[in-house]
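Novice: Combine the two chains into a complex, taking the hints into account.
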Amino acid sequence: MITFRGGIHPPEFKHLAENKAIEVMPPPRQVVIPCSQHIGAPAKPVVAVGDEVKVGTLLAEATGMISAPVHSSVAGKVKAIEPWPHPVLPTPVKSIIIEAAGKDELDCAIKPRSEAEIARLSAGKIREIVRDAGIVGLGGAAFPTSVKITPPRGVKIDTLIINGAECEPFLTADDRLMREKPEGIIQGAKILAKVLGLDTAYIAIEHNKPEAIKVMTEAAAKVWPQAEILTIKTKYPQGAEKQLISAILKRDVPRGGLPFMVGVVVQNTGTAYAACEAVTQRKPLYERVVTVTGPAINVPKNLLVRIGTLSTDVAEHCGGLKPNATKFISGGPMMGIAQSTLDVPVIKGTSGMLFLNDKKSLFKIAEEVNCLRCGKCVGVCPMGLVPCEIARMGEYEKLEQAERWGILDCIECGSCAFVCPSGRRLVQWIKYGKTLVFAERSRKKEKK
Amino acid sequence: MNSEVKNTRNTRKFIVSPSPHFKAPFSVRKVMFVVTIALLPALGGAIYFFGLRSLWLVLIAVATAIGAEFLMNLAFKRPLDSCLDGSAIITGMLLAYNLPPTAPLWMAAVGSAFAIIIVKAMFGGLGHNFMNPALAGRAFLMASWPGKMTSGWILREGLGTTSGINVDAFSGATPLGVVQKIKGIGDVAVAEALNSPETLKALFFGRVGGVLGETSVLLLLIPAVILIVMRVIDWRIPAAYIGTVFLGALLAWVFKGTPVTPWFHLMSGGLMLGALFMATDYSTTPVTPAGQWIFGIGCGILTILIRLWGGYPEGVSYSILLMNVATPLIDKYTRPKILGQRKKRKERK
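Quick note, the sequences are listed as chains A and B, same order. Per our numbering, residue 1 is the first one in the first sequence, and the count goes up by one each step. Per our numbering, residue 1001 is the first one in the second sequence, and the count goes up by one each step.
Next comes chain B alone, as it looks inside the complex (with noise of 0.2 Å):
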């Protein structure tokens, strides 16, 4: 057929692109905005609970993190001002709310450097990171600075005990430290005094020791109920990871596995901040609800394994980085049933 047109009459032209013409205002760099935001409260209690090291810390470790997705950038020929998307900004505050108040300040820029160049950019930037930045780099600090990673817990003066509790013995260790060396040994006094409502007081507000972002229950609830309600992030990685640590420990209670309480479990550590604000990184966890709910169990049950058989007090970190890892498997086998679809698929390959 002659496909020469004629007779036509208009000269005005329009944009042509597929379909939907409709997009939410829902960006990107709004995401991270918000998440930052929600971040900020942390921040001030960390000021607030260990000094205005704090700050420079978190100021070292995001300028790091902008500076290192700058450089990649650059040498992988990407945008450049993706740098400035957000994304880099949260893995730098993240990286150094698992820091020790007195991490050395050069700690913060290695380990922030180490999240984005490896980590992230390595992998193909924004979105194909397989690990969370932030814990992979904590991970990496840990492994080779495990003494300056584990000690100097610290509070400002007049705060108390970075324990909690008023036992000499103990002074200089974190609420979980405690409990790690008095696992086995049974001493039912100490065992009290964490049990003890001013203890889990202290805990829920911030008054103990641990690293900058983790302290403080409430400053870290709040903000993600908000990011909860707002849809940005979703509810149920963290009421999978929480309710199973919660569940975890509740067991572990009652048949005399842990000398503390399952509200001492969730409260202290770095629970709140990992299930919270780690777990629900978007990159590194699945996009199917069901491979959501399994994520959340997967930590929960790894994070108990480590805090009650483990060799370290905590096991928050390690276990979100191993359900990263798991990720994509998990994706793999818990896609949603498609419409009309009448047996269950059976996956070849």
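Next comes chain A alone, as it looks inside the complex (with noise of 0.2 Å):
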């Protein structure tokens, strides 16, 4: 079966919620949506306080080539802008504070395109309505889509993947909106493919999802017959970009590079639908598909939330947390950014709100000893890095060690320090490296 060098099998704990159908989350009495919920400029507010908003009306706008704009999620009135805690950024971020009244009515410009009115659009029109819509990457990383259907001048795509692959622990979002909405998905695909001149495009999804990979088989049969489904197998981290494309097509994303530089864009399955919703109603991001989930929430969930809902509201949906949660993740166990606090919002990059308990020794904060040196973590990095060496020249702050090593070639997927009989810190001591070489090269080119 299709996949990539390296990887583990951690427990999938998708059980969880893998049977529960999304349910839509009642709009909130209050959002939160910070300006910067995207890798690029922050958006620049365009209400002010008091401005009365609806759902889908433009609140910050994009400001420069790689940012996206932020729209409301409820109507009302805007509360307050002013700093609020942030699942992914360290400091308090800008973010426009609404609260919910009267009928929660859309915007009047969200409505639906007519199949001859999609059928002109030009790619270049298609772009600016998916960067309008202030679409991003909805797996976790949040690049907005619209500049990577935008490949440099001169360079052809001649592949597009739509990620279906769900590879961390927990998860189901992205299933349960495969076997909920696989028309829209596929429409999506195609939309995209249009806009990078390609008629066809593979959909990836791993093999521990039979039933989304029998809907979306169907569904393409129906929609757009070029798409080709793959079934690739069920390991961590397939659903990473450089992965993905390793696996399927063999080719390597060159070191440091990005995917366009093999000719392959990589959308997830997420944002491919949320293209088509963008094109097909005029509806621009302002809810997604969470999976609510883990051994410490009462009722797991996959629920459609507005962007800006606080965790603590969707907890309360999901029948509050038990007494002993001790972790609150934002998106899954291996990737995902711990919380201190449920006051932050959910935002475009939210895949999943994990609640861990310390119960298994799976979830517990692991004792660290020596690096034994027992190699566990080079044969499992799906890099090709010496994880436990690159942590040690982090660490130790050895940061032109550390490059030659390859310390920027880490995608942090934690794979190492899973597999780590020592317990160590690996992925901490290589982001910390890393922040340093960075921090070192600005300062470089400072000076000069």
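Keep in mind the hints are simulated off the structure, nothing from the lab.
No farther apart than 30 Å at their CA atoms in a straight line, the calculated lysine-lysine pairs in the DSSO-like style are these:
(1) B/K1030 x A/K364
(2) A/K445 x A/K398
(3) A/K94 x B/K1013
(4) A/K222 x A/K156
(5) A/K322 x A/K20
(6) B/K1332 x A/K431
(7) A/K250 x A/K194
(8) B/K1013 x A/K434
(9) A/K360 x B/K1013
(10) B/K1332 x A/K434
(11) A/K14 x A/K322
(12) B/K1337 x A/K398
(13) A/K194 x A/K222
Specialist: Put into structure tokens, the structure is as follows:
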């Protein structure tokens, strides 16, 4: 079966939520919408305190080439524009706080496009629509999609991959979306392919989602027979871009490079669906599917949540936390970010909200002892690195050596730390080393 | 920007730690525990072949190892309980497994203390030793008391001769010792006796003279295969090591360089103990897959060289020690190819 080199087979825990149909969470009374929910420049607010907004009204516009606008997810009044805790960024971020009031009304700009209209859209126009809808990669990294589907001049893209691997344990949002909205995803894939000048696409799904594979195959036959559904091996991190490309096409993205350099664009299934909605419904990205799961939440669910809904409201909607909850992770257990508080909002990149306890040794913070040099991290590293060594170089700030050994190639998937018998904080030290390398680089640039 | 946050509603706090938030239930203690269990059959064999004294040698070596580790932890202000993480137990056991059955009890203590204090603790403790501590301890004992370390081969009464053959001239020799003695002489009768099915059977089950833990191929091979299947130890080093020795011995046999068959070479001496339990020590062997192949092949070549042309009848422990010190270099030059790396990396410095 199709796969990449290295990787691990962590316990999946998908059973908690995989059979829960996507439930629409009612709009909350208040939403907090950060101006920065994507990689790139933060959006600039175009509303003021006291303004009335509707669902889908533009709140802040993109600034610069790599950026994305944000839209209101409820109808109501702008209550404040102030810093608020953010699930990804370390310091509070300028956020637009909206109090919901009156009817949950859509902005008047949101109305379906006719088939004929859609057929007439040029590639450039679709890019514009995707950009104006504020669509970013919904797999977690939140890179602006319009940028990704605009390859640099002279670069020929020959393959589009829709990523339905969802290799993170616990998460089932993409799985559910594929089962419930297969036509939308395939329509979205077709639209993205058109932008890239392609007439086919791969849709890659791990073989632990047989239902999604079946439903998507049927939908593809109906909507866009040129789409090819690929069953790939269930292995973490199968859904990481470079690993996915290596598995499917046997092409290696150059070190430090991006997929377009080997002629490939990878988009998450959720992103494809959002693109479909933006083009066919004129709907900006103001809601997304989030898997709320883990041993410490009372009722695990897959929820369609408005962007900006506070985690505390989401948790309440899922029956609240169990008293033994010790960790709250935004994302999955392998690459998700630990949160200190429930005050953080759901943002565009929030694929899951995971609540853990420390009942199982699997979730406990392991005791750390010296590296045994067992080499297990080397065997599982999907990038071909020597994690035990580069982590040590990071820890002792041997930056030049760390760079030579490929510290910047690390995708921080956590496979090494997962298998480490010594409980070493490999990813932590690698991240630390990377930060120092980047700081050193920008210092050198300034000097010049 | 004013970074003060107002209007938040929650006081509930969570533990914040870097990703991943998921950890395989696989720890140093578990690894050491499993390896200790895997070494027990050979201890049973030693007691059966050489008598209860073997048990005392092992117990003293283990107790000394744990005690030495505790004292060194105290001296170096390391966590005290790490002396019970199981690694000291394994070092003690392996050291004792490298002693002849008649070795004085104090030698087990001295060797064990040397292994832990000088080779392990002085260089940074767990994972930082540059040589296999048990083998370094054995080398120290060999250098200090060579007579006691290379004689006194006995078997419990009624089990036959230590050389595995019934030739009076070689009473009290190990099978490889006999090979060493007839090297170059070309004693056909003795060679025939060594290559007889009875001798090979004695070697396989361990009914021959040798150090405590090395004699029985069976009692080492079965637990080691289980460890490999459990992925506790990697298969590359043992495969490369044993394979290389087999190939080398085969060549020597074909070209009349050795009086005994490759099978005899595989099953005699410390090859199995060394290849399965000492050359697979994590800390002193390469971490890269290619490096592990090189390590195993290097051990195999050195072992064969020592056995065929060296002054000692056996070369497993020195081969492993030599490859141990080459490990950092091997690791440096056998880094795997990084995904997306175009040309072979040019190493500077």
